[in-house]
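Asker: Sequence:
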Amino acid sequence: MMAAFILFLLLSAIFTAEAINPGSSLTPTTNPSWPSPSGQYAFGFYKQGDGFAVGIFLAKIPQKTVVWTANRDNAPVPADVTLNFTSDGRMVLQSAQGTEITKVVNFVGSATSAASASMLDTGNFVLYDTDNQTILWESFKNPTDTILPTQQLSADGQDKYVLVSSVSESNHSTGLFRALMQQDGYLALYPIGTPYTIQYGYWSKPTGAQNIATLNLGVDGHLYLANGNNTVTLSTAKNSTKGVLYLLRMDADGFLRLYSHTMDGNGTWSVTWFSEFDKCTPLGLCGLNAYCVEVKDGFGCNCLPGFTFADNNKTSAGCTRNFTVEICEEKQQTYPMEAVPDITWENQTDSVPLLTSSQTDCQNACSRDCNCEAALFFQDGACSKQRHPLRFARRPTQSYSNVALIKVLTSTSATNPTLPTKKEVRVDIVIIGVSLVAFAFIVLAISGIVIYRSHVFASKNISSNTTIVLSDEDVGPRSFTYVELQRMTDNFKEELGRGAFGIVYKGAIGNGTKFVAVKKLEKLLEDREREFQTEMKVIGRTHHKNLIRLLGYCHDGSNRLLVYEYMSNGSLAEILFTPGNKPCWDERIEIACNIAKGILYLHEDCVPQIIHCDIKPQNILMDENMCAKISDFGLAKLLKPDQTKTLTGIRGTRGYVAPEWHRKVPHVTVKVDVYSFGIVLLEIICCRKSVDSNLPEKEAILEEWTYDCFERAQLSKLVNDEEVDNSQLERMVKVALWCILDDPSLRPSMKKVLLMLEGTMDIPIPPNPNSVLSVA
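Residue numbers (mature numbering (1 follows the signal peptide of the UniProt record, and there is no 0)): -19 to -1, 1 to 757.
Source of the hints: derived by calculation from the structure; they are not laboratory data. The structure presented is a predicted model; accordingly, all values stated were derived computationally and were not measured. A couple of the hints might just be wrong.
Derived Cβ-Cβ restraints for the label pairs, each shown as a range [what the hints assert, rightly or not]:
hint : residue 1 : residue 2 : range
1    : 152       : 745       : 34 to 42 Å
2    : 703       : 149       : 45 to 53 Å
3    : 94        : 42        : 28 to 36 Å
4    : 698       : 223       : 41 to 49 Å
5    : 586       : 32        : 54 to 62 Å
6    : 562       : 149       : 34 to 42 Å
7    : 54        : 546       : 31 to 39 Å
8    : 489       : 303       : 38 to 46 Å
9    : 123       : 496       : 52 to 60 Å
10   : 258       : 546       : 54 to 62 Å
11   : 11        : 724       : 53 to 61 Å
12   : 711       : 149       : 32 to 40 Å
13   : 707       : 571       : 13 to 21 Å
Listed below are the simulated BS3-like cross-link pairs for lysine-lysine, each with C-alpha atoms no more than 25 Å apart in a straight line [what the hints assert, rightly or not]:
hint : residue 1 : residue 2
14   : 698       : 563
15   : 45        : 223
16   : 563       : 670
17   : 715       : 670
18   : 698       : 679
19   : 526       : 487
Glycine residues also receive a C-beta, built at the ideal position from the N, C-alpha and C atoms.
Between the sequences and the hints, there should be enough to build the whole structure, so can you do that?
Answerer: Right, dumping it as structure tokens:
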């Protein structure tokens, strides 16, 4: 009966609505909108910021309630523009000079040759085909943040059927949260820019049937989920519907709310139903490196210790470090940590669980790990390390008896130590002190002699032990003396860069006609000695145009140096991340293929097989022809012929390290390089770093932002509307998304990565992290 009534309303609205024909136009000031037959709704211009936007709104309410917005993320347009329904059936905005504003061409979707349009009394704006009955496009099937009576939210796998919150009631740009009907029959809420997986969903409502359902809103305010004969009521129908309007909106604070408005009442909207949870439950309310606290009228945001607000006027925009953290490979720096009680992370996808016995053990585990930004300690002894950036933190209303441990530069505790009071200087204390200093000096002098002698002995011992390792059979490049390298580098005058195990200097050979790069291992420690031996064996045996060539080495006494070919264009990081230095699209594709070829050679053509373990833009150098070459095999691990995995500790650089490193699995495979390549590929596509806290939260983590743009078919946002080949862009993105899957077994091999990049192999749609599909 209800279905028949709704159908009657729809048909009545369609056949009584005034047709809008090609040639019609609107302007923000003189003829701003096309009303529905009753005047309840209107399609056209409304005030937005310092200009105007185009959308659908309730026209009879004094404060226009916007229910749909066209191109919501575009900047407001000035008052002298015109909205034209052109003769060829397109809705376009034109400037005062009559030129088409390109960013809003065909802003109403895929209909490019509509014969007429109508603003219906249901609030649906519709474009018709030439028969004036076939609907080419309608706003009901392209919602923004609102659902109106008779409108449905379907679960057909298309991202356009998702409600996305606005920034605020007055700013209808894309906000932080989404609501959608899932194909498993659940109505679920997620933060923007995250996969549709259980780890990120912060609220859901099942239908009881494990297949496609719809979310429905009736004219009587009945809000329900329907799946065949199964119905789950969220809000019951009201007895009286005369003069009452209803709408369901995904609000800016992450709540889904049903509103009612009585036309002859006080003119305000009342909340009839809402998704029930704590005010700080929606993930990401406060941005990165901040935590949410409930307050009387909503929620508040505080920065974690060691951070300050990115924008003091917008505390929900997150926080940034108030000091610079050392890069992992440059310095093993430990930081003090501040304890903050009752802080928890609602989402643990960025955490690494540990088993510890005390808070001190948990704190030490994080302090020693440069990839750890914070740790969460529970009273039962559980500990989880949190990686950068810190997301989704909150302080619950009830105590969880857990403690968050945050790295800080110095203690920021509110309790400052008391300064000592001045006392009279005692002569006996001075005498004792001088005596202790003199004694300490004598001990240090003796210790220095002992250490020097043992150092010389160790140097001789190491030299003798490495004679066999660095035989002519193992090392192809020539041997240099330390004096020769001093002369070659003008006594190590010009520094090119620093790595995990040493500094790289510029040098010249052949009477200064050929430049080289000399890597000097700074400390004669056991692990550095093994590092030197590894580089000698590995690089001396590798010959590929996309790998840095080793020209020579030095193992003169305690000195360990490597001589490489010189790359005149520096590192890929300098090229990608330096403003104004961005390579063109074709060059970026070529760079990506070069890197893939180099990694493929290490994985499949080297005997023994090599895992690089530290693929990142800083370790990819560019020659004079912009050919990419992989460098720094200092972290490479050799595999014996009967091995397929390598046993090792965590290696690599934060942001590029595969998730299995953090899970402390006993073995890792070549798939760790595939993951790192996927991150680098995303950086090549977008010419930005994988994590950038200066960007809006939904864009800060590149892999999640990419996944969101891919699902929304908005890949042009990744390249800032740069003119690129769209098919190539989609191919590159799909390859990258396959490479960065959490499960190593689902990642493709580098051989398949290269085939997909070159377009000789079809690429399946990348799955979400829970998919079981594989192209490996």
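Asker: State for each hint whether it applies.
Answerer: Status of the hints after comparison with the structure:
no. : hint                    : in the structure
1   : 152 <-> 745: 34 to 42 Å : 38 Å, holds
2   : 703 <-> 149: 45 to 53 Å : 30 Å, violated
3   : 94 <-> 42: 28 to 36 Å   : 35 Å, holds
4   : 698 <-> 223: 41 to 49 Å : 45 Å, holds
5   : 586 <-> 32: 54 to 62 Å  : 59 Å, holds
6   : 562 <-> 149: 34 to 42 Å : 37 Å, holds
7   : 54 <-> 546: 31 to 39 Å  : 47 Å, violated
8   : 489 <-> 303: 38 to 46 Å : 43 Å, holds
9   : 123 <-> 496: 52 to 60 Å : 58 Å, holds
10  : 258 <-> 546: 54 to 62 Å : 59 Å, holds
11  : 11 <-> 724: 53 to 61 Å  : 59 Å, holds
12  : 711 <-> 149: 32 to 40 Å : 33 Å, holds
13  : 707 <-> 571: 13 to 21 Å : 18 Å, holds
14  : 698 <-> 563             : 16 Å, holds
15  : 45 <-> 223              : 21 Å, holds
16  : 563 <-> 670             : 13 Å, holds
17  : 715 <-> 670             : 18 Å, holds
18  : 698 <-> 679             : 12 Å, holds
19  : 526 <-> 487             : 21 Å, holds
Consistency with the previously given hints fails for numbers 2, 7, ordered from lowest to highest.
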